[in-house]
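Novice: Protein sequence lines, in the order shown, are assigned to chains A and B. All residue numbers in the first sequence are consecutive under my numbering, ending with 555. All residue numbers in the second sequence are consecutive under my numbering, ending with 1080.
Keep in mind that the hints were calculated from the coordinates and are not lab data. Worth double-checking, as some hints may not be accurate.
[As the list claims (entries may be wrong)] Now the in silico label distances, taken between C-beta atoms and shown as ranges: (1) B:Met-1006 with A:Glu-525: 17 to 23 Å; (2) A:Gly-159 with B:Val-1037: 39 to 45 Å; (3) A:Gln-96 with B:Thr-1040: 40 to 46 Å; (4) B:Ala-1060 with A:Glu-55: 18 to 24 Å.
Predicted model only: the values in this text are computed from it and were never measured. Backbone N, C-alpha and C fix where the C-beta goes; we use that ideal spot for every residue, glycine too.
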Amino acid sequence: MMGTDEHYPRNGTLKSHCDQKQQENNSLKNGYHKNEKVQKNGMGNGFHQPRVRGEDSFEEAPMYVAVLTYMGYGIVILFGYFRDLLRAIGLEKCHQAQEREEQKDFVPLYQDFENFYTRNLYMRVRDNWNRPICSLPGPVFDLMERVSDDNNWTFRLTGRTIENVINMGSYNYLGFAENNVDFLKTVAEVTRQYGVGVCSTRQELGNFSIHEKLERHVAEFLGMESAMAFGMGFATNSMNIPALVGKGCLILSDELNHTSLILGARLSGATIRVFKHNNMQSLEKLLKEAICSGQPRTHRSWKKILIMVEGIYSMEGSLVRLPEIIALKKKYKAYLYLDEAHSIGAVGPTGRGVTEHFGVDPNEVDVLMGTFTKSFGAAGGYIAGKKELVDYLRAHSHSAMYATAMSPPVVEQIIRAIKCIMGVDGTTEGQRRVRQLAENTRYLRSRLKDMGFIVYGNQDSPVVPLLLYLPGKVGAFSRAMLKRKIGVVVVGFPATPITEARARFCVSAAHTKEMLDKVLQSLDELGDYIRVKFSRHRLSHRPELDGETDFELDS
Amino acid sequence: MEMKKMRENLGWLYYQYLLITGIYVLEPWEQSVFNTVLFTTVAMVIYTSYVFVPVHVRLALEFFSELVREQPESTVALMS
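Make a model of the complete structure from these sequences and hints.
Specialist: So, in structure tokens, the structure goes:
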């Protein structure tokens, strides 16, 4: 790994801890002492020995599954055409928007595939999404019961609530979505002091002292020089990338980047080239080509080359290959934009994100972006980097100039969450939650693999996609899980490739072992009943594992 | 008890059929339409094979056995 030797002289006192940490993958027991040191030091002293990164698994299903998936989609599409024919003839009433009689001779408005898909496929299974929630999205929540009398075209609330449904879909990684009065005292104080509305943009009269306090805390937490916070995570990406790059620059973005990154890249006007997901050879080839040939027609060199990647990809659960990307970046003199929306607070021994997980100095990443929505239980996003960069963004970003500043109670929630994770408030609650999340993640992932499900992604990522493949099983799975009082998120065609529909679990530190056991038991039964255990690596019984040497059994 | 188990088993098999073909998402009358069409097609295939397969197999066997019988006769003719 690059640069490890440079760290030894600086971290001389930590060396013995580092060695021990290297031997045990399970650094949590060791990490307890080290974390106290980190808290007292203040800065995220993330110069640990670079970790060996677990491999991402993207196991492929047997061929008959792909064939059956296509067949299933084919049959439902045929029936879609049949129903459209009935609607066109007039034998059936069309519930969706339709053109008026006078417009029928003009260009058809609703004939493209997206509308067809919505009318004929999405509507049939629509009751699995947009379920109304009537409590806080903690580890358990309450759903409002709703039924449909006309096959999901309209819904009717029965008035009953389904209580204590286990929540496996909310991005509540560290459990900060809570309404415990003791924890929220400071938030109530701040609301009393500042009110709730800001009524201005940051640049005009919306720059409160609490915003500056937040930015100082964020910078300290990440170990960067300076940071800036914005009101909306999506807007952080889409409004700030145009301020950083423009025409004449090159953006190399990963295949599976989030829509906000793609939107920001397109708005900026730079040339965009896509490299295969997490594939370093593809990225290096693009970099070489870019530097050798320069801009398309004039062959002048590119003004800037920006590599855009995410910490954890939310649909796959895979981790970025950070050390390799940093090595490539240094070799070819490019810049790196790392979007840590899902990974901040969720990976790393003290919860400081992928930079800590890999033992990389966060200052080597040029622009470190993240959101407060997922692990901090609030809303908004931040960008951290060198002081010149952040000062430039304060003056030139659209989001800074035109968007309203963050609301004070939300800001205070983020500050208290950061203080809790760093341990500055005097308790070890934050570190306990980070450890609990890592334990829960490992437990859930290993048990799911043992049962024989195909699960994508890295073993340390709290985003767990479980593949279902067939369109019929997607709807059946979600409904059956709700009957067993577990709420899951299933994702289908437009968000994932057509053959890879999945259910995505988000592990939380607030889940207790009993909850996870209940979920695992239901998944086991349901997996057998519906037949979604496609993995070919299924382990039939535990004692066989004793011979394996690639992980420790002392936990 | 066995009747109940068999019925449960059959019910589960039907459920699997619904899930795999994707019919599970359709409305009940559409499911009936699909089942009718599929059942009719399968019945026609079975009937056709019942009527025609024995005749075709017999003719094919006769054709090939005739070829084999003719071979030694032609070699004898060449030699003499």
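Novice: It remains to establish, for every hint, whether it holds in the given structure.
Specialist: Going through the hints against the structure:
{"no.": "1", "hint": "B:Met-1006 with A:Glu-525: 17 to 23 Å", "verdict": "holds, 21 Å"}
{"no.": "2", "hint": "A:Gly-159 with B:Val-1037: 39 to 45 Å", "verdict": "holds, 41 Å"}
{"no.": "3", "hint": "A:Gln-96 with B:Thr-1040: 40 to 46 Å", "verdict": "violated, 32 Å"}
{"no.": "4", "hint": "B:Ala-1060 with A:Glu-55: 18 to 24 Å", "verdict": "violated, 55 Å"}
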